[in-house]
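The lines below spell out each chain.
Number of protein chains: 2
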Amino acid sequence: AEDGARDDLIALFEPLHAADIADVLEQVSATEREAIVALWGDEVDGEVFAEMDEDISVELMENLSDDIIGEAMRDLDTDDVVDLIEDMEEPQKERVLGSLEEADRAAVQQSLSYPEETAGRLMQRELVMAPTHWRVGDAIDEMRKSDDLPERFYDVVIVDPRLKPVGKVPLSSLMSHPRDTALTEIMDEEFRTIPVGQSQEDVAYAFNQYNMVSAPVVDEQDRLVGVITMDDAMEVLEEEAEEDIMLLAGVGDETLHDSTWNTTKLRFPWLAVNLVTSILASLVIAQFSSTIEAIVALAILMPIVASMGGNAGTQTLTVAVRALATKDLTPSNAWRVIRREMFVGLLNGCIFAVIIGIVGVIWFGTPMLGVVLGLAMIVNLLVAGLAGISVPIVLDKLGVDPALASSAFVTTVTDVVGFFVFLGLAGALLL
Amino acid sequence: AEDGARDDLIALFEPLHAADIADVLEQVSATEREAIVALWGDEVDGEVFAEMDEDISVELMENLSDDIIGEAMRDLDTDDVVDLIEDMEEPQKERVLGSLEEADRAAVQQSLSYPEETAGRLMQRELVMAPTHWRVGDAIDEMRKSDDLPERFYDVVIVDPRLKPVGKVPLSSLMSHPRDTALTEIMDEEFRTIPVGQSQEDVAYAFNQYNMVSAPVVDEQDRLVGVITMDDAMEVLEEEAEEDIMLLAGVGDETLHDSTWNTTKLRFPWLAVNLVTSILASLVIAQFSSTIEAIVALAILMPIVASMGGNAGTQTLTVAVRALATKDLTPSNAWRVIRREMFVGLLNGCIFAVIIGIVGVIWFGTPMLGVVLGLAMIVNLLVAGLAGISVPIVLDKLGVDPALASSAFVTTVTDVVGFFVFLGLAGALLL
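Chains U and D, in that order, give the protein sequences.
Residue numbers for the first sequence follow our numbering, beginning at 3 and rising by one.
Residue numbers for the second sequence follow our numbering, beginning at 3 and rising by one.
These aren't lab readings, by the way, just hints derived from the structure by calculation.
A portion of the hints provided could be inaccurate.
The list cannot tell twin chains apart, which means a pair is met if one copy fits it or any two copies do.
[Unchecked claim] Lysine to any residue pairs mimicking SDA-like chemistry, simulated, CA-CA at most 20 Å apart: (1) Lys-329 <-> Asp-57; (2) Lys-399 <-> Tyr-212; (3) Lys-147 <-> Glu-295; (4) Lys-147 <-> Arg-164; (5) Lys-399 <-> Ser-261; (6) Lys-95 <-> Arg-164; (7) Lys-399 <-> Thr-134; (8) Lys-399 <-> Ala-37; (9) Lys-329 <-> Asp-55; (10) Lys-329 <-> Val-26; (11) Lys-267 <-> Leu-11; (12) Lys-329 <-> Glu-244; (13) Lys-166 <-> Gln-223; (14) Lys-329 <-> Glu-245; (15) Lys-399 <-> Ala-21; (16) Lys-329 <-> His-19; (17) Lys-329 <-> His-259; (18) Lys-267 <-> Tyr-116; (19) Lys-95 <-> Asp-106.
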């Protein structure tokens, strides 16, 4: 029965792409996942581990036999192996390294020696290079002879005798030129090399900005040490955008697969910050308790001004955070953008001042209450624009990820200013 | 002097990548931009237009001579031309189409006949195909002879006599096999074709999920009509993530280059929705004005419960919106995730209930006030979790982009429930 089940499983997975199998495995429970992979046995496809969420693949591999792990790792390029094992505990890491072939192990260890989130960790060691004196025919002959080519590659990197890249020839140019053409004649000299220590954000930015498909990675002596391909860059780019979305909402590095308890812990810090923020706002309100006691309508209306400020501030800071991430917002246009945001805040402030002023007068029949609401709205939306643009810029200058803390700062400002201006004006003009 | 300036400009731009020149032009004012491009004249690089923000390139091209536009368009693949002219007004569109060569014009017009945001608009017509009976040597010879190859390509698409793709051969396999190998022997049969009417989100998802570098596009009769490459998919993927971030913050399709007035108009609708929402919350508070009049401490503390609920709800909905976008959240795990979110809400609710309860007692010296705060916190964070996960799921089921409206719905719920439960409990337990 076991054998029958195994054949069924293999037949079921056969037509599926590794990424789809990984998705299926992510959706079932941890126990089911282990049972499925154990049943799969030595037919296991290593790509599936590479495609899975890292937490899950690390957990899963803890309980697999050395044989299955060895089998799985054999299918992978070194960059995928590095990606998998960099999050493992020491003993498990050793076990996986032990299952690799000698050359691959050395390559993986070399990659692991570079800091996390740098080009060194992203690159694969498998690449195709050629010396400067080769012709098209030499390169093609050599590739046909080699049995150790990367699974997929897009360029031949031309290197000088000291292994310094001097150009690269896309396979499509190699294809379209006669065998006796010198590689140096058709090589792209404007190619970009990536320093092995460059941050992964900068790598992803370069791939995206220059539409690159692959790029050679060089060490401090400018020697070729690996190559990064677009799929790796695409992953980083997605991670970065994802991180911004999550951080802006005060959600950390969580996935849908985290347990209830882990999720609770990950969400807690942001809520704690927000608690402090809102207590601060309450302290402001407390200063005006006698005003509120006199006119209870103020308690009813005060959340409107604060909430509008919070939303306007969030709009501005989201635009600012993304513009900083995509390098659209730079010191050269910062002043222009700050000025624009202040005007936008002022304009929307005036529009909403009129609307809310009318609402206030109709609702409570006190014209001066409408004036207070309107004035507070103008001030708070202006402040929201100013805080929304300047907080991320300042954090970025200080080297702090603006997505991380901006939202807390900005809503604190808009809450405090919103309550203070509204209640303060009310106290001055209505009592 | 004019000539000297022109030489200087050309020398300055010469070493720069088109994408970098585009960035420079985006940062200067519209008048400067036009002056620079006019000075550039017939040395203009069409790629620069393709790399610029579309609004800006369309505006810029309005004032250029036909010669310069014709010169610029000649450098571009058809997908880039389509990208540029799809946003133009009719007369300008005709002008640019008129500047193209016959064959390119037909290809561009064909692409424009497909709906916006579909594969048909993303694809380029330039591709390399081969009949099933060819061998490696035939393909290489043919490519060497051709003078009309795409600037960059990664695969040879194998087609049957009816032009239906039956497989594809990556250039790297073509390189590594002897000349007499049949293409059908080394072709990848598991390749994916993309229907010309497929939405660009689905195209981008497939490229990302399956790490594809290029994919053939087929029409309703399964005939090859074009090819989409990874850089186009990467752009869409980035756009989609960007759109989610922006929509979640209530910011529409705006850029840093929009005018103050345009930005104000784009931000207005979301603020208007928020105004209605917060007036709704005020109406709830108004029901309890006598309770607030009796105990002014309630006015001081009530924003805390509402604000914590809003933040917890935003955390959950952000995770949900992204999980829906990346297809991690599916009907098969929805119930599990909903359950988890409710438990997370309940757990954090209990933790913060204790904290805020203690704060309330210390601050105002009324133990029952602490109890009311704590209970309201538990209820509101539970409701926040439930609303945060179910609102996006329901919107997605209804075919509405969950990023668009979720945030307004969820914060309405947490504001209304937050004020209602806190003030209601206070009225029942404290008066």
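Verification of the hints:
no.: 1; hint: Lys-329 <-> Asp-57; in the structure: between (31 Å within a copy, 18 Å between copies)
no.: 2; hint: Lys-399 <-> Tyr-212; in the structure: neither (26 Å within a copy, 38 Å between copies)
no.: 3; hint: Lys-147 <-> Glu-295; in the structure: neither (89 Å within a copy, 89 Å between copies)
no.: 4; hint: Lys-147 <-> Arg-164; in the structure: neither (24 Å within a copy, 35 Å between copies)
no.: 5; hint: Lys-399 <-> Ser-261; in the structure: neither (36 Å within a copy, 26 Å between copies)
no.: 6; hint: Lys-95 <-> Arg-164; in the structure: neither (34 Å within a copy, 52 Å between copies)
no.: 7; hint: Lys-399 <-> Thr-134; in the structure: neither (44 Å within a copy, 58 Å between copies)
no.: 8; hint: Lys-399 <-> Ala-37; in the structure: neither (50 Å within a copy, 33 Å between copies)
no.: 9; hint: Lys-329 <-> Asp-55; in the structure: between (29 Å within a copy, 13 Å between copies)
no.: 10; hint: Lys-329 <-> Val-26; in the structure: between (37 Å within a copy, 11 Å between copies)
no.: 11; hint: Lys-267 <-> Leu-11; in the structure: neither (37 Å within a copy, 56 Å between copies)
no.: 12; hint: Lys-329 <-> Glu-244; in the structure: both (17 Å within a copy, 14 Å between copies)
no.: 13; hint: Lys-166 <-> Gln-223; in the structure: within (8 Å within a copy, 50 Å between copies)
no.: 14; hint: Lys-329 <-> Glu-245; in the structure: both (16 Å within a copy, 17 Å between copies)
no.: 15; hint: Lys-399 <-> Ala-21; in the structure: neither (39 Å within a copy, 25 Å between copies)
no.: 16; hint: Lys-329 <-> His-19; in the structure: between (36 Å within a copy, 16 Å between copies)
no.: 17; hint: Lys-329 <-> His-259; in the structure: between (33 Å within a copy, 13 Å between copies)
no.: 18; hint: Lys-267 <-> Tyr-116; in the structure: neither (30 Å within a copy, 48 Å between copies)
no.: 19; hint: Lys-95 <-> Asp-106; in the structure: within (14 Å within a copy, 55 Å between copies)
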